[in-house]
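Number of protein chains: 4
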Amino acid sequence: MKIDKNSISDYNSQYKDTFEQEFRFVSDSLEQKGLNVESVVKKISDFQVAIPSWALGAGGTRFGRFSYGGEPSSLEQKLNDIGVLNALTKSAGAVSLHIPWDIPDDTQAIKEIAESHGIAFDAMNSNTFQDQPGAEETYKFGSLNNTSKNVRDYAIQHNLDVIRIGEELGSKSLTVWLADGANFPGQLNFQNALKYTEDSLKSIYQYLPEDWRMFIEYKPYEPNFYSTTIQDWGTSFMLANACGEKAFTLVDLGHHLPNTNIEQIVATLLLKGKLGGFHFNDSKYGDDDVTVGSIKPYALFLIFNELVYGMENNPQNPSLAWMIDASHNIKDPLEDLLQSIEAILIAYAQALLIDQKDLREAQLQNDVVKCQEILQDAYRTDVRPLVKAARLKANAALNPLDAYRSFEVRKELIKERGNKTIATGL
Amino acid sequence: MKIDKNSISDYNSQYKDTFEQEFRFVSDSLEQKGLNVESVVKKISDFQVAIPSWALGAGGTRFGRFSYGGEPSSLEQKLNDIGVLNALTKSAGAVSLHIPWDIPDDTQAIKEIAESHGIAFDAMNSNTFQDQPGAEETYKFGSLNNTSKNVRDYAIQHNLDVIRIGEELGSKSLTVWLADGANFPGQLNFQNALKYTEDSLKSIYQYLPEDWRMFIEYKPYEPNFYSTTIQDWGTSFMLANACGEKAFTLVDLGHHLPNTNIEQIVATLLLKGKLGGFHFNDSKYGDDDVTVGSIKPYALFLIFNELVYGMENNPQNPSLAWMIDASHNIKDPLEDLLQSIEAILIAYAQALLIDQKDLREAQLQNDVVKCQEILQDAYRTDVRPLVKAARLKANAALNPLDAYRSFEVRKELIKERGNKTIATGL
Amino acid sequence: MKIDKNSISDYNSQYKDTFEQEFRFVSDSLEQKGLNVESVVKKISDFQVAIPSWALGAGGTRFGRFSYGGEPSSLEQKLNDIGVLNALTKSAGAVSLHIPWDIPDDTQAIKEIAESHGIAFDAMNSNTFQDQPGAEETYKFGSLNNTSKNVRDYAIQHNLDVIRIGEELGSKSLTVWLADGANFPGQLNFQNALKYTEDSLKSIYQYLPEDWRMFIEYKPYEPNFYSTTIQDWGTSFMLANACGEKAFTLVDLGHHLPNTNIEQIVATLLLKGKLGGFHFNDSKYGDDDVTVGSIKPYALFLIFNELVYGMENNPQNPSLAWMIDASHNIKDPLEDLLQSIEAILIAYAQALLIDQKDLREAQLQNDVVKCQEILQDAYRTDVRPLVKAARLKANAALNPLDAYRSFEVRKELIKERGNKTIATGL
Amino acid sequence: MKIDKNSISDYNSQYKDTFEQEFRFVSDSLEQKGLNVESVVKKISDFQVAIPSWALGAGGTRFGRFSYGGEPSSLEQKLNDIGVLNALTKSAGAVSLHIPWDIPDDTQAIKEIAESHGIAFDAMNSNTFQDQPGAEETYKFGSLNNTSKNVRDYAIQHNLDVIRIGEELGSKSLTVWLADGANFPGQLNFQNALKYTEDSLKSIYQYLPEDWRMFIEYKPYEPNFYSTTIQDWGTSFMLANACGEKAFTLVDLGHHLPNTNIEQIVATLLLKGKLGGFHFNDSKYGDDDVTVGSIKPYALFLIFNELVYGMENNPQNPSLAWMIDASHNIKDPLEDLLQSIEAILIAYAQALLIDQKDLREAQLQNDVVKCQEILQDAYRTDVRPLVKAARLKANAALNPLDAYRSFEVRKELIKERGNKTIATGL
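Order-wise, the sequence lines are chains Z, W, D and B. Counting from -10, one number per residue, gives the positions in the first sequence under the working numbering. Counting from -10, one number per residue, gives the positions in the second sequence under the working numbering. Counting from -10, one number per residue, gives the positions in the third sequence under the working numbering. Counting from -10, one number per residue, gives the positions in the fourth sequence under the working numbering.
Note that these hints are calculated values from the structure, not bench results. Be aware that one or more of the hints could be misleading.
[As the list claims (entries may be wrong)] Restricting the straight-line Cα-Cα distance to at most 27 Å, the calculated cross-link-like pairs of lysine-lysine (BS3-like) are:
1) Z/Lys100 with Z/Lys(-6)
2) B/Lys235 with Z/Lys261
3) W/Lys138 with D/Lys346
4) B/Lys359 with D/Lys(-9)
5) B/Lys359 with D/Lys400
6) B/Lys261 with Z/Lys359
7) B/Lys409 with Z/Lys184
8) B/Lys261 with Z/Lys191
9) D/Lys129 with W/Lys346
10) Z/Lys129 with D/Lys5
11) W/Lys5 with Z/Lys359
12) B/Lys359 with D/Lys404
13) D/Lys359 with B/Lys(-9)
14) B/Lys261 with Z/Lys138
15) B/Lys359 with D/Lys(-6)
16) B/Lys346 with Z/Lys184
17) W/Lys129 with B/Lys409
18) W/Lys129 with B/Lys400
19) D/Lys409 with B/Lys359
20) B/Lys184 with Z/Lys261
21) B/Lys138 with Z/Lys346
22) D/Lys22 with D/Lys359
23) W/Lys346 with D/Lys184
24) D/Lys261 with D/Lys235
25) W/Lys5 with Z/Lys22
26) D/Lys138 with W/Lys359
[Stated by the list, open to error] Stretch by stretch, here's where chain D covers chain Z in the computed footprint (C-beta under 8 Å, at least three residues):
27) 218 to 228
28) 343 to 357
[Claimed, not checked] What follows is a set of in silico ranges between Cβ atoms, one per label pair, in the way DEER data are often shown:
29) B/Lys404 with W/Asn139: 48 to 58 Å
30) B/Gly49 with W/Glu65: 53 to 63 Å
31) B/Gly49 with W/Asp6: 16 to 26 Å
32) W/Ser28 with B/Ser137: 42 to 52 Å
33) D/Pro304 with B/Arg13: 38 to 48 Å
Ideal Cβ placement from N, Cα and C applies to all residues, glycine included.
Use the sequences and the hints to build the structure in full.
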């Protein structure tokens, strides 16, 4: 299934008039406030978020899984799915692979498929939280933090393999997420676990290609329920510093304790030049991995406020690797991803509307009421016409979700692939 | 300080053109979707939220308090402050008094002042969490749940006194918030504490005037840090049922454990006809009592979705008592309240835009994606022109906060009252 | 694998002297305080906790599962595993079955095996959170709360089937745990979902045999991540009241929001005669289902304090159904269960030491310091000799875990069953 | 009021026989396991925890305060109160002062009083979270992080004043706790606030005497309810590194988000040689500041496990500054502190019982069950006789709380000071 440019043009034509009316209204009122709307639209249009290969099939919980028809059962099919997302939005121009689930049989062929969809290879993900059939060592009691040197070496080697595969595909970064930790007090010697982790990360880092970056993820709990060795940004930051200048912290929105002020963490990392990547999702209770913006859209906006500020003011921080890391337990995965992309672009657009100069002024005067007004004014603006304008500019669909449904994509995929496929991986 | 109608008309005239343009745009696009905009505007206009007398001065924390100039030091001045809010918004047409802080010296005079501002007397609040100078009994170890019959009787009598004062003023309801609980395991016999509370509430209830209602508030912790006797809606609901049909549960947004799904509680209480009142505020960590909508505006919208549904579909539930229960630690209290009122009206307006028929249809088809789209479409709409329209209709200010500042209200209040007054109460 | 009485006697003989010394010391000092040690030991000895059939194999998370050797692959083998636990502890004399995982092929044979191990059939568990192969309806969008009458009827019928199977085995209760809820705002109409749930539960209730009880479990989240229809004790209590006097609330320790005061909920339910059952486990973050007492043993003690009080003072509440509901992700399941049983008995023993008369006196005097001292004195006492005495009395092993290891039970089970079996169910 | 040695000897004599019996029993069974009981007792006896001067009066919440009779109203009286605690326990041989509440009028006299009680001057605490009468600048919008250079300089100068006063008294460390943060999104520019804080801390640090240490406290929220500039250990650690080798992180048990694994933070800081001090208290919900060990004693034990390990294995980390930072809302403050001291010593003693060699061995074998057994065995041991032995050795009371009551200390204090004194400070 591939959506061609013409179908999108045809689809758009029916909504163009309404769109133009909306856009003119929003655009006019923003220009009146002194905003450069064209520049905002361009920024939205340039924003690209990677889709992880594992997000294209139905997710599940420890209580079970309800599968979805037409799930992709090969890397090729996963790329085709992302191709659909990218054709509809022109904001999903990258894939993030997971090894060993996505080892290409024919690298060249895979690169060509990706290219045909305009998809780049973003960060590579290693997996040291599951045992693969035939594995020589087990990660049951940890990987990079394991008390056994053999297991640590095995996990390090796996990461080096992932880098090699990534190099062939043209990726430029490695994301290390470690489930390593303990389910019970006493199980781990915290100090040794941390030292082993640091040493192992350094071992991987020393083989990192010159133009690559390494992202170190953190998470307070799950799948371990007492402690996780890299439990918070502070630990990740410390380890990234220990590794070197190509190592960075990666923030996943769902990986925080209740009530954490995530935007402040983002600001700190940007100031220190150590924010490497960002995994989008949303949650109400734990690492729920639900659709971006479906639970706390204002928090997402506040985070984007810091990101926009950092991208403007922190040359010390490299450009960021964006990825959607959600799980789709009851929705069509592609529809869910379209909703996530929309929520991301909306939050980004709102953040771009913040009058940074006024805000700075109000902060200097400790005019707390006005600071809040400035943020809420941006947030309460209906920015959807700006997002649509960005899409129109890029030949994407004005209303991607509606287009997806009107093109009957899922029906087509089920016809192609059947109702019982299961996406590789989780 | 009193703001007259003419100043507001003058103020509005300068923004009228912009407003009309905005309103027409939003109104047109909503009407096109089949919405009755006039009815929405009317509902917004009819919405009245009570201001508690204690919210007009600076709040504080256990670490101290930074006072504000021009704070009201008498009940008269408090009413005048609410008069300002009501003149600017026409949405603050009620006061909620706290006894013993607000015992009127001259009831008739107070009633006249209130009437002159268009302010009704909403729920009366009793105070059994502090000892007043000269008190015969101490609430240090509880009030209605106390092991001592003398203390319980003393607290019951206080509530009866509050009812009497309320009757003279024309109030029709009593809100009982109990700090009663324990700071340490073992301190309380939970079963006895609950039984005493139930008996005490019944004693108060039996003297409740025929046309009054009693609201029973719940809260998980603070000021007690191990247990609170009425810790959750389930306990409050049980007690309200035990008292009788004039007893209801009152929901304060800040009185919940982390991650609680409050909108579901609201729906349950509405279904059972036992939701009596609502205290608005916002919070990130605990009972932070910050400006409504300043932290989790989407959660507020979801709650209003349930309220709108209930007001439409639950004749078994009486009309609700709305109140803002926030604390103003660093903002001008009146500005803070204006921001809260705005946030409430915006959330209410957004909830009124939800297409309940489409939503019902999507729910029946388990079209989860569409359900979300319907809610988000309403939420993402810029409804501020609708709120302004409601205000214009009622002769309130188009932009209350801006008007407040342009009228230099605080400067005036400081001139009148001085810089060192302290609001009675907390 | 079956452990006979003689091996246990032999095992115990080597520790008898040390035990007797310890017991005499503790016993003497408790008797001196006026405690009836014999009665305490008898109560400990009488305490029986059910083992759920699904807890005998390795658990897992959504990120994967590390299997364990010698897992039981049939109901017979599960009963044999519990037989081992019961022989070692004489506190695990019941099993809680899960349908459809544990439908007996030959009911009579199963009953005989159970009897040979001294195992009774405790509460039956229905499963409406997963779709079984060939299922006619799907629970993807709910079961008893589903918008579709067909699905609700299907789920009701399943519960009636479970009752029937339970009757044949001699069980006397049904536990209903519902995953029903929503992953996203808008997905569910809360009021209808609650009404459907109530109606469905009543339909099941009306077929409940005269001498049966129905337990209604609650849980705030997981596997649904936005709302769960029976989200808290208040909802469960309301539903149990609506069903009738044979319906009760069931408390699972892991099913609460952060910081919930569970012991207060227990006290309230006991007072109202509506506490039906109890699922033991422990957790630090969410429903982690780790070993009982491994994270918050003092909280467990405080809960037992309420349970002991209720069993003594609340004739209105029936005797409770106790069960361990833990998951064993990295430990040998049987060892994990032995640790859980030990933790339960220790907490129970400590609670039995509390001087209720002194506590009552201190509470009446508001001597908070002394209340705490009384609880802590009981908690700080080393009660392990009392638990051992109870076991010795019942011909169980003095040190069950040590005995399990010295008998090389797991090695034996692997020899019998192999290394690759997978327990039926999750 | 001063308790002399003879009264304590007399008091002890009546409990000596029972004590000796208990001690012999515990001691024998521990020695049999290979433990050096004498060394454990010595370590307990050496342990000294500072009492903060503000903890000797009744605390309160934002809802009010219930005062206590006989509260100390001068620094002299505060030292006398600590003298009572130290006489009874010989574990409270230090005071931690708070400036400006405790500025001595006559330094020499104060030093003599302290010496007469065996009290050393531990860390000095500065106060930049409240405005003092006549203050030239206000901390309403922050101190070391303020946008105004004048305010920052004022706060820096205050800290230098505190150092000067501390030097005169013989203190060797400064604790900086900052309330600095924001109540609302937008109020603060996070990056600037952090930079200002870093610069201000460095300014203070450069005047730190050669043999002093600076402790940087962190806290996620309260009194600010949206963000705190030093929100977590990671931020504090980063700032301590930026200042230099005499700067350290200070951990206060109550300053963490729900469910934080604090013991892991402790281990990380010890490994990095950056753990400076420790504030003991306990909490169920937020920074509740209740009696140490009254809510989560097992968590306290796990933390002590890390501390004991670090004191043994981390020469890179300096000796720690221990302090009790609790608030006494309804208990006699001195009784509350006695309960806290007892809980600390018990947790310390339990941690000292852990067989580190066995634990290490079990960890290397991934014998998770055994790891847990080792910890629980230590925790379940009744160590009170060891704590008593340590006290007896030091001429302290065998049962300090009981002795306090039998000496009628509070009655005496009320006689001396009256019923209406209010402790200076909060």
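Note to self: Hint check: B/Lys261 vs Z/Lys138, CA-CA at most 27 Å. Holds or violated?
What the structure shows: Holds: B/Lys261 and Z/Lys138 sit about 23 Å apart, inside 27 Å.
Next item on the list: Report holds or violated for chain D covering the region 218 to 228 of chain Z, Cβ cut-off 8 Å, minimum 3 residues.
Entry: violated (count 0)
Margin query: Next pair to validate is B/Lys359 with D/Lys400; report whether the Cα-Cα distance is within 27 Å.
Written below: holds (17 Å)
Next item on the list: Could you grab the alpha-carbon distance between W/Lys5 and Z/Lys359 and see if it respects the 27 Å cut-off?
Entry: Holds - the C-alpha atoms of Z/Lys359 and W/Lys5 are around 22 Å apart, at most 27 Å.
Next item on the list: Sort out whether B/Lys359 lies within 27 Å of D/Lys409, counting only the CA atoms.
Entry: Holds: D/Lys409 and B/Lys359 sit about 24 Å apart, inside 27 Å.
Note to self: Please check whether D/Pro304 and B/Arg13 have a Cβ separation lying inside 38 to 48 Å.
What the structure shows: Hint holds: Cβ distance 45 Å, inside 38 to 48 Å.
Margin query: W/Lys5 and Z/Lys22 were given as a pair; does the straight-line alpha-carbon distance stay at or below 27 Å?
Written below: holds (17 Å)
Checklist line | Given pair status - D/Lys235, D/Lys261, alpha carbons within 27 Å | finding: holds (13 Å)
Item checked: Satisfaction of hint between D/Lys346 and W/Lys138, Cα-Cα up to 27 Å -> Holds - the C-alpha atoms of D/Lys346 and W/Lys138 are around 20 Å apart, at most 27 Å.
Note to self: Against the 27 Å threshold, does the CA-CA distance of D/Lys22 and D/Lys359 hold or violate the hint?
What the structure shows: holds (16 Å)
Item checked: 27 Å Cα cutoff - pair B/Lys409, Z/Lys184 -> Violated, because 56 Å separates the two Cα atoms, which is more than 27 Å.
Notebook entry, point to check: Can the region 343 to 357 of chain Z be counted as covered by chain D under the rule of three residues or more with Cβ-Cβ separation shorter than 8 Å?
Noted result: Three-residue rule not met by the region 343 to 357 of chain Z, so violated; n is 0.
Figure legend: structure checked against the earlier numbered hints; hints not met, in rising order: 6, 7, 10, 27, 28, 29, 30, 31.
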